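Participant: Sequence:
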Amino acid sequence: MWPVIAVLVIVVVGGCSFYWYFQRQSAREVDFLREVGMDDQFEFALPSKEINEYQAKKAELHDRFHSGPSAPKPPDGLSDNEYELWWIRGMPEIAKKEYGTALLKRAAADVERMQLLQEEKPRAFKLFQRKVLSDSYWASVLDAEALVQGEVDDVMHEARLLADGFEQQIFPEAVRFKHHEQMVQQQAQKAKDEEKMMRKQAKQAEKKKEMSAREAEEVRAREEREAQKAYEALLKEEEEKEAKARKAAKCKSGPQKRKSAKK
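Going from the sequence shown to the working numbering is simple: count from 1 and add 581.
Hints in this document: simulated from the structure, not taken from any laboratory.
In this text, all values refer to a predicted model and were calculated from it rather than measured experimentally.
Quick reminder that beta carbons are idealized off the backbone N, C-alpha and C, glycines included.
Some clues are possibly wrong.
[Said to hold, decoys possible] Only pairs whose alpha carbons sit at most 20 Å apart, straight line, appear in this in silico EDC-like list of lysine to aspartate or glutamate:
id: 1; residue 1: K638; residue 2: D621
id: 2; residue 1: K810; residue 2: E799
id: 3; residue 1: K677; residue 2: D735
id: 4; residue 1: K831; residue 2: E813
id: 5; residue 1: K639; residue 2: E665
id: 6; residue 1: K810; residue 2: E798
id: 7; residue 1: K638; residue 2: E748
id: 8; residue 1: K784; residue 2: E819
id: 9; residue 1: K707; residue 2: D621
id: 10; residue 1: K707; residue 2: E726
id: 11; residue 1: K831; residue 2: E819
id: 12; residue 1: K630; residue 2: E679
id: 13; residue 1: K677; residue 2: E663
id: 14; residue 1: K639; residue 2: D745
id: 15; residue 1: K638; residue 2: E665
id: 16; residue 1: K630; residue 2: E693
id: 17; residue 1: K638; residue 2: D735
id: 18; residue 1: K777; residue 2: E787
id: 19; residue 1: K678; residue 2: D735
id: 20; residue 1: K677; residue 2: E748
id: 21; residue 1: K677; residue 2: D745
id: 22; residue 1: K784; residue 2: E796
id: 23; residue 1: K759; residue 2: D661
[Unchecked claim] Label pairs and their calculated CB-CB ranges:
id: 24; residue 1: R704; residue 2: E665; range: 36 to 44 Å
id: 25; residue 1: Q710; residue 2: G671; range: 22 to 30 Å
id: 26; residue 1: M737; residue 2: Q763; range: 21 to 29 Å
id: 27; residue 1: E634; residue 2: P673; range: 16 to 24 Å
id: 28; residue 1: M779; residue 2: V756; range: 30 to 38 Å
id: 29; residue 1: E754; residue 2: S629; range: 19 to 27 Å
id: 30; residue 1: M737; residue 2: F706; range: 20 to 28 Å
id: 31; residue 1: Q766; residue 2: V713; range: 33 to 41 Å
id: 32; residue 1: F706; residue 2: A744; range: 35 to 43 Å
id: 33; residue 1: M779; residue 2: E665; range: 47 to 55 Å
Required output: the full structure, derived from the provided sequences and hints.
Facilitator: In structure tokens, the structure reads:
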């Protein structure tokens, strides 16, 4: 009996030790990932804003052209996919353009997520092979990849509804659209920066002008003060000369008076 109990105790203690060691190692992995700027899950999400805007535009176009008593009646026996194909391709060209633009914006937002995943997956795979990356993080990267693939399939399906072959063009067009959008944003930012610089230069020029005017006023006032001082010095000099002349004249007339008195 005692050997059996001893074996059970060893098994339980060994299992607890292994569980403790596994939990400790997992905690260390999470701490390391946080230190290098990575959490235990790959943060990823589809572009919900563009997806919702596209779905709202699609619903709006359907209500605009295929609802109400005057709307055209679809052929009998259409499946859901056939019905979508019928009403989308039956829209006016201007409505198709609205539909295509909304889908293109959605695909362009998907391109950003695809680029993010293309950058992250090789890096994560290297760390995962070296046992640095946790299983949960690598699994979240694979989940993100599956999510993107599902989104790509949905976009290509929606593009196929608009026109045959458009599903092969939608993402190349989205890349060009994104590049054009970035160019427009860069030009807008450049124009904004140039306008800011011009305002700054104009402000500096105005400040310089004000300083020049102030300096000119200070120079004029200083010149006036110096001129006033020079005038006052000249008056003082003339007064001193006059005083000396009167004193000299007085001294000269004194002896002459005494001589006259003696005679």
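Participant: Going through the earlier hints one by one, which of them does the structure break, listed in rising order?
Facilitator: Violated hints (numbers, rising): 1, 4, 8, 23 and 25; every other hint is consistent with the structure.
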